[in-house]
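*Asks:* So the sequence lines, in the order shown, correspond to chains X and P.
With numbering that gives the first Met the number 0 as the guide, the letters of the first sequence map in order to residues 0 to 439.
With numbering that gives the first Met the number 0 as the guide, the letters of the second sequence map in order to residues 0 to 136.
One or more hints might be untrue.
What the hints assert, rightly or not - Derived lysine to aspartate or glutamate pairs resembling EDC-like cross-links, with alpha carbons at most 20 Å apart:
(1) X/K207 <-> P/D44
(2) X/K210 <-> P/D108
(3) X/K286 <-> X/D439
(4) X/K210 <-> X/D308
(5) X/K210 <-> P/D107
(6) X/K207 <-> P/D108
The hints are simulated quantities; they were obtained by calculation from the structure and are not laboratory data.
Given next are the chains, with one letter for each unit.
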Amino acid sequence: MTTPTAPDAMYRNDEGLGIWEHRGKVAAVGVGHGPTSRRWDGRPETCVGAITIQALRKAIADAGVAPEQIDGLVVVPVTTTGAFWEEGKPLPMDVIESFNQTDDPLDGVAKLSAEWLLANMPELTNVQFTMYGPGCMSNALNVAAQAVGDGLTHTCLVVKSWHNFEGRYYQSGANVEDTLPGTAAITRLWGGPASYGTALQFAEYCRKYGKTHEMMAPFMENSRRNGLMFPEGYWAQHRPEELGREDYLAARWIAKPANLFDNDIPIMMSGAYLFSTAERAADMKQKPVYILNHASSNARPRSLTPTLDEVEAETARTARKIYEGAGITADDLSFENMYDGFSLFHQFHLEGLGYRGIKFGEALDFYQTDISIEGPNPVSPSGGNVGSGRSRVWMHTDCIQQLQGRAGARQVTGVEPEVAVSGGPMPLGGNFTVWSASPD
Amino acid sequence: MSKQGVVPDDFSQPFWDAANEERLVIQNCLECNRLQHPPAETCRDCGAGDSFEWKPMSGRGTIYNYGVVHDCPVRLLQEDQPFNLAVIMLDDDPGIQMFSHLPGVPVDDVPVGAAVEVIFEPTANGQLVPEWRVITD
Ligand SMILES: [Zn+2]
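Isolated chain X, as found in the complex:
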């Protein structure tokens, strides 16, 4: 079996598509996470493949289905946080030989194929459908939702994992060379770090609307607070530290106005869900969370880096797609749970959605009000990457758990959890899923 990458036709990338044809007919039921760590310690039982198997088995058990009932698997094959296995570095043969292998010896260590997972999960005897969703869990969720809706699979696992190795990421390869190839040099000679583009957009936003970086502090504090109530997350598991206003504002700059905490921390992690048809989900162990729509965006800036105008045009367009296909409006959102890694673009997603009537330029003022899980206007109840480390998964897990009423200490109490949207990553390009406690 060779696993294909999801074709473009599986995504809802345009306006005017109308209500999603499978609205309310696909449900998320099971959730599973592997343990987090800052970096891989080199042991077989902690490699990215191993923690992925743990996440998948937990999702299966959580849904209460027998493994042989599962007939689909959607995987994000790329697992890097920016760390790659250095060329010439000896392969970790003891780890590789601890598992059933595929053609690529780094499968399960620095990447993940569906074939590797199936070869190492012998209990999955009936998987007929496999597909790759590139990049993020957000993408893979769109693929899994469409696949179940289209009848390509009726009980489908979907998984995203991350590996992180020793060393500082991005401080290798072309960045340490004395020369650059001419085409790359046209844009890369100036040395902007990963968060530079977002920092630029945030700087333009602050100038246009008269806002400041300090106004991010309540959002950061709230996000870490929520993250510390996320037992699956990195900060809760390893560094249960609050992020107070002073701590946040005293952090060193990376690309001013983006500081250290505005950059999410790279970690090892794995998150998995079990999707099924609404009919089958009704008989499973957890309350189904119905998918009302999925949508994606794929805009390109005119030139080197997106302007604020380009950002706002695209987040607004994305929101129209999200709402149109789900048949909802901003008023239906119980809480806000969009992506935050980098923290300085979270307000673009929020304003695009028009959450609680917020317009462009108003989110940072909104952050100064009650955005807690106890209040009437929860912002990022998952805590996102700020609260639990780089995964791009937390907001999805949180939406599912909130709507199932089992988000534990994070459970929103000031609103009835009924409808939510989660997704990302970038304001100009991402994938989004609309979740609902009821199918209609």
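Got chain X; can you put chain P with the ligand on it based on the hints?
*Replies:* Frame of chain X, contents of chain P with the ligand only:
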């Protein structure tokens, strides 16, 4: 600041040759007469793939935006941290951006909106690269 050297490839050769002659050129699609930067094999607007010119620019622009880099991934630039990293919009087409370290402008004291003109600075291997300085007259 000492930028990494540049080894022009076939695609970028005209851009870097012009820079060595202290001329700024930007890729222009002859089908739709639209500038694009970064340059690409096909026009991002009309999709044409075989009708480009490298069009001479006036060398004038404005500072559109900036950040200050404190933690640079490029080893050669790390000794100059922190440094300004600005986005210039070209007067010839204010949708077209170029990066600049803004030589001569104090760190984090960048006059957004100020007029700038192109200059050419040597990189580590002597290849000249377009840079921008504030017009002060
Ligand atoms: Zn064209």
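*Asks:* Now tell me if each hint is right for this structure.
*Replies:* Evaluated hints:
1. X/K207 <-> P/D44: Violated - the C-alpha atoms of P/D44 and X/K207 are around 28 Å apart, more than 20 Å.
2. X/K210 <-> P/D108: holds (18 Å)
3. X/K286 <-> X/D439: Holds, at roughly 15 Å.
4. X/K210 <-> X/D308: holds (17 Å)
5. X/K210 <-> P/D107: holds (17 Å)
6. X/K207 <-> P/D108: holds (18 Å)
Hint 1 from the list above is the single one not met by this structure.
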